[in-house]
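**Student:** Chain residues, written in single-letter form:
Protein chains: 2
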Amino acid sequence: MEVFFSDRIEDGRVILSEEESNHCTRVLRHKVGDEISVIDGEGTLYMCRLIRVGKESEAEIIESVSSWHSHPYRLILGVCPTKNNDRFEWFVEKAVEIGVDEIVPLIGDRSERKVYKKERAERIALSAAKQSLKGAVPLIHDPQSVSSYIMAAPSDAVKMIAYCFDGNKISIKKALEGAPEGSEIIVLIGPEGDFSPAEAASAISRGFIPVHLGDSRLRTETAAVTAAEAVYFNFMK
Amino acid sequence: MEVFFSDRIEDGRVILSEEESNHCTRVLRHKVGDEISVIDGEGTLYMCRLIRVGKESEAEIIESVSSWHSHPYRLILGVCPTKNNDRFEWFVEKAVEIGVDEIVPLIGDRSERKVYKKERAERIALSAAKQSLKGAVPLIHDPQSVSSYIMAAPSDAVKMIAYCFDGNKISIKKALEGAPEGSEIIVLIGPEGDFSPAEAASAISRGFIPVHLGDSRLRTETAAVTAAEAVYFNFMK
Numbered sequence: 000m001e002v003f004f005s006d007r008i009e010d011g012r013v014i015l016s017e018e019e020s021n022h023c024t025r026v027l028r029h030k031v032g033d034e035i036s037v038i039d040g041e042g043t044l045y046m047c048r049l050i051r052v053g054k055e056s057e058a059e060i061i062e063s064v065s066s067w068h069s070h071p072y073r074l075i076l077g078v079c080p081t082k083n084n085d086r087f088e089w090f091v092e093k094a095v096e097i098g099v100d101e102i103v104p105l106i107g108d109r110s111e112r113k114v115y116k117k118e119r120a121e122r123i124a125l126s127a128a129k130q131s132l133k134g135a136v137p138l139i140h141d142p143q144s145v146s147s148y149i150m151a152a153p154s155d156a157v158k159m160i161a162y163c164f165d166g167n168k169i170s171i172k173k174a175l176e177g178a179p180e181g182s183e184i185i186v187l188i189g190p191e192g193d194f195s196p197a198e199a200a201s202a203i204s205r206g207f208i209p210v211h212l213g214d215s216r217l218r219t220e221t222a223a224v225t226a227a228e229a230v231y232f233n234f235m236k
Numbered sequence: 000m001e002v003f004f005s006d007r008i009e010d011g012r013v014i015l016s017e018e019e020s021n022h023c024t025r026v027l028r029h030k031v032g033d034e035i036s037v038i039d040g041e042g043t044l045y046m047c048r049l050i051r052v053g054k055e056s057e058a059e060i061i062e063s064v065s066s067w068h069s070h071p072y073r074l075i076l077g078v079c080p081t082k083n084n085d086r087f088e089w090f091v092e093k094a095v096e097i098g099v100d101e102i103v104p105l106i107g108d109r110s111e112r113k114v115y116k117k118e119r120a121e122r123i124a125l126s127a128a129k130q131s132l133k134g135a136v137p138l139i140h141d142p143q144s145v146s147s148y149i150m151a152a153p154s155d156a157v158k159m160i161a162y163c164f165d166g167n168k169i170s171i172k173k174a175l176e177g178a179p180e181g182s183e184i185i186v187l188i189g190p191e192g193d194f195s196p197a198e199a200a201s202a203i204s205r206g207f208i209p210v211h212l213g214d215s216r217l218r219t220e221t222a223a224v225t226a227a228e229a230v231y232f233n234f235m236k
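If you read the sequences in order, they're chains V and W.
When we follow numbering that gives the first Met the number 0, the leftmost residue of the first sequence carries the number 0, and every step to the right adds one.
When we follow numbering that gives the first Met the number 0, the leftmost residue of the second sequence carries the number 0, and every step to the right adds one.
Just so you know, not all the hints are guaranteed correct.
To list a few chain W residues with every Cβ distance to chain V over 10 Å, as calculated [stated by the list, open to error]: (1) ARG25; (2) VAL31; (3) VAL52; (4) ILE60; (5) ASP100; (6) ASP108; (7) GLU118; (8) ARG119; (9) ASP141; (10) SER146; (11) PRO153; (12) LYS173; (13) SER182; (14) ALA200; (15) GLY213; (16) ARG216.
Sample of chain W residues facing chain V (criterion: CB under 8 Å; computed from the structure) [claimed, not checked]: (17) GLU101; (18) SER131; (19) PHE164; (20) GLY166; (21) SER170; (22) LEU217; (23) ARG218; (24) ALA229; (25) LYS236.
No lab work stands behind these hints, which were simulated from the structure alone.
Just so it is clear, CB atoms sit at the ideal spot from N, CA and C, and this is done for glycine as well.
Okay, chain V solo, but in the shape it has when bound (with noise of 0.2 Å):
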């Protein structure tokens, strides 16, 4: 099954950008009268008809299906990007394959990495929602600091935060036991030289629940993956 993306869906119509219409319509051939399949980004599938090919391609809606294989949580990742920026491109793919909502990049005390540009990650989660047949595109946020998403974070959440050195943690499925669907939860996970203790201390402070990932040690990108396995997991049947 192919997807498209739209952000120009109004009046039961959708316009395919220039980039989009020319996969749909040059690569893939489609013709006038095809029915394609279109997400929002937002989480609505629409099943449409092609009306008009050119440039940019219109589509009229025959049905759409919102929450279009969605999971039942809400999955925001705070990630220090690693120093090899492919790990955590890697990264970014697998957990929108997985499920996540937010992706947050961090910069952390300790972080090598101290800029980070969105653009690449943000068509990286576009086009690994698409090919996972999801229809919300996850939200790629500016890079921040660490200490000052901490402050921001929304009280309401199950909040952790993943360190690897000492100190009282449980394991991040201890942490989510009993969470109910549609539970919000947040898990920072810190650079290759780990969170300081500084920050780890603040999280705490502010409600986080310090946790660990398990026995393994595991490189910060797989870290991350494994968080979004282990909200993944928490409720799966």
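Once you've looked at the hints, dock chain W against the given chain V.
**Tutor:** Below, chain W without anything else, positioned relative to chain V:
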């Protein structure tokens, strides 16, 4: 912590191969008298002192730790290599970090990749085991057909086959419930085109439990990592 590998350990001595010796003594500049850590790939870590530096180097064993950073289960992942080899090698790296004992490259009825060379995967498994501080390096098997692997699979293991087409399946999470520590667990993951119904039927007739990996649509390599995570979380306290 830097870990070296040697398969030549006898009489209280460890011999580092030319490649490991070069990394230890030229790249990292270790000298006679330095303490180094060496894994045998079978599960044991040896704390050693360098006693001879050369093309090959030699170290005497001070102390050994068996089952070093092992996991409380035995996991065999039978996975059909992806068209894009990078994706399969990424799975190998991640599965080793999370915890796996054997990886069996499988060629299914619908595999687009009918040939697989395991040498690169073996190197990736070794470096991932060293990087994630595991004493044991997973065994990468020679590729074999899905049907022959199903016939040869041990009868006393918890055996599962994950496929996408309809059928009477339970989640991998449910299938793992109650498996005691030390269990041998086998999970089969099909190619992009999925297993054939004949392969699934044959597996089921041989005691494989048909499982799904949840509601998300996962790429082959993501499904394989998700299976490793399912087992990891099943045994997490």
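**Student:** A separate judgement is required for each hint: does it hold in the structure or not?
**Tutor:** Okay, the hints, checked on the actual structure:
1. ARG25: Non-interface label stands for W/ARG25: nearest chain V Cβ at 24 Å, farther than 10 Å.
2. VAL31: At roughly 29 Å from the nearest Cβ of chain V, W/VAL31 sits farther out than 10 Å, so the non-interface label holds.
3. VAL52: holds (29 Å)
4. ILE60: At roughly 23 Å from the nearest Cβ of chain V, W/ILE60 sits farther out than 10 Å, so the non-interface label holds.
5. ASP100: At roughly 13 Å from the nearest Cβ of chain V, W/ASP100 sits farther out than 10 Å, so the non-interface label holds.
6. ASP108: holds (22 Å)
7. GLU118: holds (22 Å)
8. ARG119: holds (17 Å)
9. ASP141: holds (27 Å)
10. SER146: At about 29 Å from chain V, W/SER146 clears the 10 Å cut-off, so the statement holds.
11. PRO153: Holds, because the least Cβ-Cβ distance between W/PRO153 and chain V comes to about 25 Å, which exceeds 10 Å.
12. LYS173: For W/LYS173, whose nearest Cβ neighbour in chain V is about 7 Å away, the distance does not exceed 10 Å, so it is violated.
13. SER182: Holds, because the least Cβ-Cβ distance between W/SER182 and chain V comes to about 17 Å, which exceeds 10 Å.
14. ALA200: About 25 Å separates W/ALA200 from the closest Cβ of chain V, which puts it past 10 Å; holds.
15. GLY213: violated (5 Å)
16. ARG216: Given a closest Cβ separation of 5 Å, the condition is violated.
17. GLU101: violated (17 Å)
18. SER131: Holds. Min distance 5 Å.
19. PHE164: Since the shortest Cβ distance to chain V is 14 Å, the answer is violated.
20. GLY166: For W/GLY166, the interface hint is violated, since the closest Cβ of chain V sits about 17 Å away, which is over 8 Å.
21. SER170: holds (5 Å)
22. LEU217: holds (5 Å)
23. ARG218: Holds: closest Cβ of chain V sits about 6 Å from W/ARG218, inside 8 Å.
24. ALA229: With a minimum Cβ separation of about 6 Å from chain V (threshold 8 Å), the hint on W/ALA229 holds.
25. LYS236: With a closest approach of 6 Å, the W/LYS236 hint holds.
Checked against the numbered hints given earlier, the structure breaks hints 12, 15, 16, 17, 19 and 20 and satisfies all the rest.
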